[in-house]
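From first to last, the protein sequence lines are chains H and X. Throughout the first sequence, residue numbering follows my numbering, covering 1 to 167 in sequence. Throughout the second sequence, residue numbering follows my numbering, covering 1 to 419 in sequence.
To be clear, the hints were calculated from the coordinates, so they are not data collected in a lab. Quick reminder that beta carbons are idealized off the backbone N, C-alpha and C, glycines included. One or more hints might be untrue.
[What the hints assert, rightly or not] To give an idea of the chain X side of the interface with chain H (calculated C-beta under 7 Å), a few residues: (1) G86; (2) G181; (3) S227; (4) A284.
[As the list claims (entries may be wrong)] Derived list of chain H stretches under chain X, where covered just means 3 residues or more per stretch with a C-beta under 8 Å from a C-beta of chain X: (5) 35 to 41; (6) 60 to 69; (7) 145 to 156.
[To be verified] Result set (DSS-like, lysine-lysine): computed pairs, CA atoms no more than 30 Å apart in a straight line: (8) H/K22 with X/K344; (9) X/K15 with X/K247; (10) X/K15 with H/K16; (11) H/K16 with X/K182; (12) X/K182 with H/K12; (13) X/K220 with H/K22; (14) H/K22 with X/K69; (15) X/K182 with H/K22; (16) H/K106 with H/K161; (17) X/K344 with H/K42; (18) X/K148 with H/K11; (19) H/K12 with X/K338; (20) X/K201 with H/K16; (21) X/K201 with H/K22; (22) X/K247 with H/K11; (23) H/K106 with H/K5; (24) H/K16 with H/K42; (25) X/K261 with H/K11; (26) X/K417 with X/K247; (27) X/K247 with X/K31; (28) H/K16 with X/K220; (29) X/K148 with H/K76; (30) X/K182 with H/K42; (31) X/K344 with H/K16; (32) X/K148 with H/K16; (33) X/K247 with H/K12; (34) H/K42 with X/K338; (35) X/K220 with X/K22; (36) H/K5 with X/K182; (37) H/K106 with X/K417; (38) X/K31 with H/K16; (39) H/K76 with X/K417; (40) X/K15 with H/K11.
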Amino acid sequence: MLAEKYPEEVKKILAKYPPEQKRSAVMPLLYLVQRDAGYITKQAMEDIARLLEITTTDVVSVVGFYTLFHDREAGKYRMQVCTDLPCAMRGADQFLEQLCGNLGVKVGEPTSDGLITVEAVTCLAACDKAPMFQLQGRDRLEYHENMTVDRTMELIAALKKSGKEAK
Amino acid sequence: MDHLLLRHREIPEIKQLDVYRKNGGFEAFQKAVTGMQPGALIDLVKASGLRGRGGAGFPTGVKWSFIPKGVFPTYVVANADESEPGTFKDREIMEGNPYQFLEGVAIACYAVQANAGYVYLRGEFWNIAHDLDRCLAEMEQAGLLGEKLFGTGYSLHIHTHLGAGAYICGEESALLESLEGKLGQPRLRPPFPATYGLFGKPTVVNNVETLTNLPLIVAKGAEWHKSLGTADSPGVKIFSLSGRVKKPGNYELPLGTTFRKLIYEYGGGIIDDRPVKAIMAAGASSSLIVADDKALDTPMDYASVRTLGADLGSASVIVIDDTLSIGWVIGKTIHFFKHESCGKCTPCREGTYWMMQLIDRIQDGGMTRENVDLLHNVAREMQNKCLCALGEFATMAPVTGIERFPADFQPSVAGGKHG
Numbered sequence: 001m002l003a004e005k006y007p008e009e010v011k012k013i014l015a016k017y018p019p020e021q022k023r024s025a026v027m028p029l030l031y032l033v034q035r036d037a038g039y040i041t042k043q044a045m046e047d048i049a050r051l052l053e054i055t056t057t058d059v060v061s062v063v064g065f066y067t068l069f070h071d072r073e074a075g076k077y078r079m080q081v082c083t084d085l086p087c088a089m090r091g092a093d094q095f096l097e098q099l100c101g102n103l104g105v106k107v108g109e110p111t112s113d114g115l116i117t118v119e120a121v122t123c124l125a126a127c128d129k130a131p132m133f134q135l136q137g138r139d140r141l142e143y144h145e146n147m148t149v150d151r152t153m154e155l156i157a158a159l160k161k162s163g164k165e166a167k
Numbered sequence: 001m002d003h004l005l006l007r008h009r010e011i012p013e014i015k016q017l018d019v020y021r022k023n024g025g026f027e028a029f030q031k032a033v034t035g036m037q038p039g040a041l042i043d044l045v046k047a048s049g050l051r052g053r054g055g056a057g058f059p060t061g062v063k064w065s066f067i068p069k070g071v072f073p074t075y076v077v078a079n080a081d082e083s084e085p086g087t088f089k090d091r092e093i094m095e096g097n098p099y100q101f102l103e104g105v106a107i108a109c110y111a112v113q114a115n116a117g118y119v120y121l122r123g124e125f126w127n128i129a130h131d132l133d134r135c136l137a138e139m140e141q142a143g144l145l146g147e148k149l150f151g152t153g154y155s156l157h158i159h160t161h162l163g164a165g166a167y168i169c170g171e172e173s174a175l176l177e178s179l180e181g182k183l184g185q186p187r188l189r190p191p192f193p194a195t196y197g198l199f200g201k202p203t204v205v206n207n208v209e210t211l212t213n214l215p216l217i218v219a220k221g222a223e224w225h226k227s228l229g230t231a232d233s234p235g236v237k238i239f240s241l242s243g244r245v246k247k248p249g250n251y252e253l254p255l256g257t258t259f260r261k262l263i264y265e266y267g268g269g270i271i272d273d274r275p276v277k278a279i280m281a282a283g284a285s286s287s288l289i290v291a292d293d294k295a296l297d298t299p300m301d302y303a304s305v306r307t308l309g310a311d312l313g314s315a316s317v318i319v320i321d322d323t324l325s326i327g328w329v330i331g332k333t334i335h336f337f338k339h340e341s342c343g344k345c346t347p348c349r350e351g352t353y354w355m356m357q358l359i360d361r362i363q364d365g366g367m368t369r370e371n372v373d374l375l376h377n378v379a380r381e382m383q384n385k386c387l388c389a390l391g392e393f394a395t396m397a398p399v400t401g402i403e404r405f406p407a408d409f410q411p412s413v414a415g416g417k418h419g
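Kindly produce the complete structure, drawing on both the sequences and the hints.
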């Protein structure tokens, strides 16, 4: 159960909102549980609903509405390339195409080892530093800016290596 | 002139509390709480002429004065959901000069007597939210937040709240819904947030850059602020410059600086020294401005940009050179708004979908008079019918692109990225 598993975090999150407005905690709690498996399980959604005294449907609909919440497993890391207008003027589309070519995947399809899923996403507020992407993993969400395909492949090699060492 | 908002450009350590305080930090907040009536503070900000920097350009002090007297609790929400293609100024403020922003939030809270403020950040600003949490904890420790501040009866707490990837949450009523734990979909208005905002209570929603101006206005006065910029648009503004320029980035300049100066003097001119073809002054939601000499010499203030059939908005200036086709440009903006439409109202949900189908068809070898007219017609039919501004935004580039750049939509044009 959520409150038993993360007593301190849950307490801290609930303290941000008036006691009669517990529902506001739904998004922070979803981020908290998403850390576990990289996605949000049905069980976790039910736990959050019970804790906040809302229906499971309410929680499921929030998960479905927001793009940073995931309800199924994907590659361990999501490499989310912005291809919106300002980035596209600085070569983001070609960057995405070449990166997927090098990895031998289509956009949105995980690499065969399950490490990386390359995705095309909308604006990340880094329009002056394209090509760029955010790397979303269980433990991190970080920006990589002014990137080249070569430097991105080096980053992927490093992620592979650290994954192997962790095993 | 030294930066007023991007002060970390001169003082990189200003993101540390002691350095910020050595440079006058939190004196304005203390002065307000210990020496000013909330009403006098609102009058000061009104007199300064500060207008909202998020896009609408509404006078900040006037917005505050809509908060009804004697109804408690009230809330202040900082809109840090910066998500529009072309916009990346609030991110730099929060990363580089976080305490000036947070002091601004605190001043706004005192002005409307809110005891709680929220900073709503887009989910991708996860690291920034963690850094702000650390800043807020240090402020509590230093007695700048908490109970009975500076020996007065005033108490204040500020919290961060992360969104999770939805452009629509930058729209203030959708942001409030999201902060309440619901889907980020706009509310029908009226009532406006000033009377029925967060948790149904009177609420002020201000943009990050707007709030970051406040400590200086309180410290230096309304007349000082009015001495910067133009009479209609006082103060400095951060212009986010992107697209086909040599030196993209944020430039803090007085309102009223010309497009030409921004693009050529600060932005270093166009890549490969090509001619500039079109300008979007307010990100992906802009009208497309034909970049002739008249436009380039137009001062970037709220009233002057309007004479070009466009808005200054958040001053996110996207520069398009002559290598790019306008069909490709509007294809990009249409896809963005189709993706971000929240689905609540029919004109936007269906209209953005139809526009996407049409622009895809046009770019896929279907550049005919009929298809272009149909796209123009669908966009026009959406206007003035959507529940919030996003639907309206989605139509701006297609309508003005087709009307102002007819050569790019002739049947002889292939419709790809380069025409």
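The hints, checked one at a time:
1. G86: holds (5 Å)
2. G181: Hint on X/G181: holds, closest Cβ of chain H at ~4 Å, below 7 Å.
3. S227: violated (30 Å)
4. A284: holds (6 Å)
5. 35 to 41: Violated: only 0 residues of the stretch 35 to 41 of chain H have a Cβ under 8 Å from chain X.
6. 60 to 69: holds (count 7)
7. 145 to 156: Our answer is that it is violated, as 0 residues pass the Cβ test (under 8 Å) against chain X, missing three.
8. H/K22 with X/K344: holds (25 Å)
9. X/K15 with X/K247: Distance ~25 Å between X/K15 and X/K247 Cα, so the pair holds.
10. X/K15 with H/K16: holds (24 Å)
11. H/K16 with X/K182: holds (16 Å)
12. X/K182 with H/K12: holds (20 Å)
13. X/K220 with H/K22: violated (41 Å)
14. H/K22 with X/K69: Distance ~27 Å between H/K22 and X/K69 Cα, so the pair holds.
15. X/K182 with H/K22: holds (12 Å)
16. H/K106 with H/K161: The given pair, whose Cα atoms are some 23 Å apart, holds under the 30 Å limit.
17. X/K344 with H/K42: Answer holds: X/K344 to H/K42 is near 26 Å, not above 30 Å.
18. X/K148 with H/K11: At roughly 24 Å apart (the allowed maximum being 30 Å), H/K11 and X/K148 satisfy the hint.
19. H/K12 with X/K338: Cα-Cα ~37 Å, so violated.
20. X/K201 with H/K16: holds (17 Å)
21. X/K201 with H/K22: holds (16 Å)
22. X/K247 with H/K11: violated (46 Å)
23. H/K106 with H/K5: Roughly 38 Å between the alpha carbons, so the hint for H/K106 and H/K5 is violated.
24. H/K16 with H/K42: Given that 30 Å is the threshold and the Cα spacing comes to 25 Å, the pair holds.
25. X/K261 with H/K11: violated (52 Å)
26. X/K417 with X/K247: Holds - the C-alpha atoms of X/K247 and X/K417 are around 22 Å apart, at most 30 Å.
27. X/K247 with X/K31: Since the Cα atoms of X/K247 and X/K31 sit roughly 40 Å apart, the hinted pair is violated (cutoff 30 Å).
28. H/K16 with X/K220: Between H/K16 and X/K220 the Cα gap is close to 33 Å, so the pair fails against 30 Å, i.e. violated.
29. X/K148 with H/K76: violated (47 Å)
30. X/K182 with H/K42: Holds: X/K182 and H/K42 sit about 18 Å apart, inside 30 Å.
31. X/K344 with H/K16: With Cα atoms ~29 Å apart, X/K344 and H/K16 stay inside 30 Å; holds.
32. X/K148 with H/K16: At roughly 19 Å apart (the allowed maximum being 30 Å), H/K16 and X/K148 satisfy the hint.
33. X/K247 with H/K12: Not satisfied, since the Cα-Cα distance of roughly 43 Å exceeds 30 Å.
34. H/K42 with X/K338: Satisfied, since the Cα-Cα distance of roughly 29 Å is no more than 30 Å.
35. X/K220 with X/K22: The hint holds at about 17 Å.
36. H/K5 with X/K182: holds (25 Å)
37. H/K106 with X/K417: At roughly 22 Å apart (the allowed maximum being 30 Å), X/K417 and H/K106 satisfy the hint.
38. X/K31 with H/K16: holds (27 Å)
39. H/K76 with X/K417: violated (34 Å)
40. X/K15 with H/K11: The given pair, whose Cα atoms are some 28 Å apart, holds under the 30 Å limit.
Hints 3, 5, 7, 13, 19, 22, 23, 25, 27, 28, 29, 33 and 39 from the earlier list are contradicted by this structure; the remaining hints agree with it.
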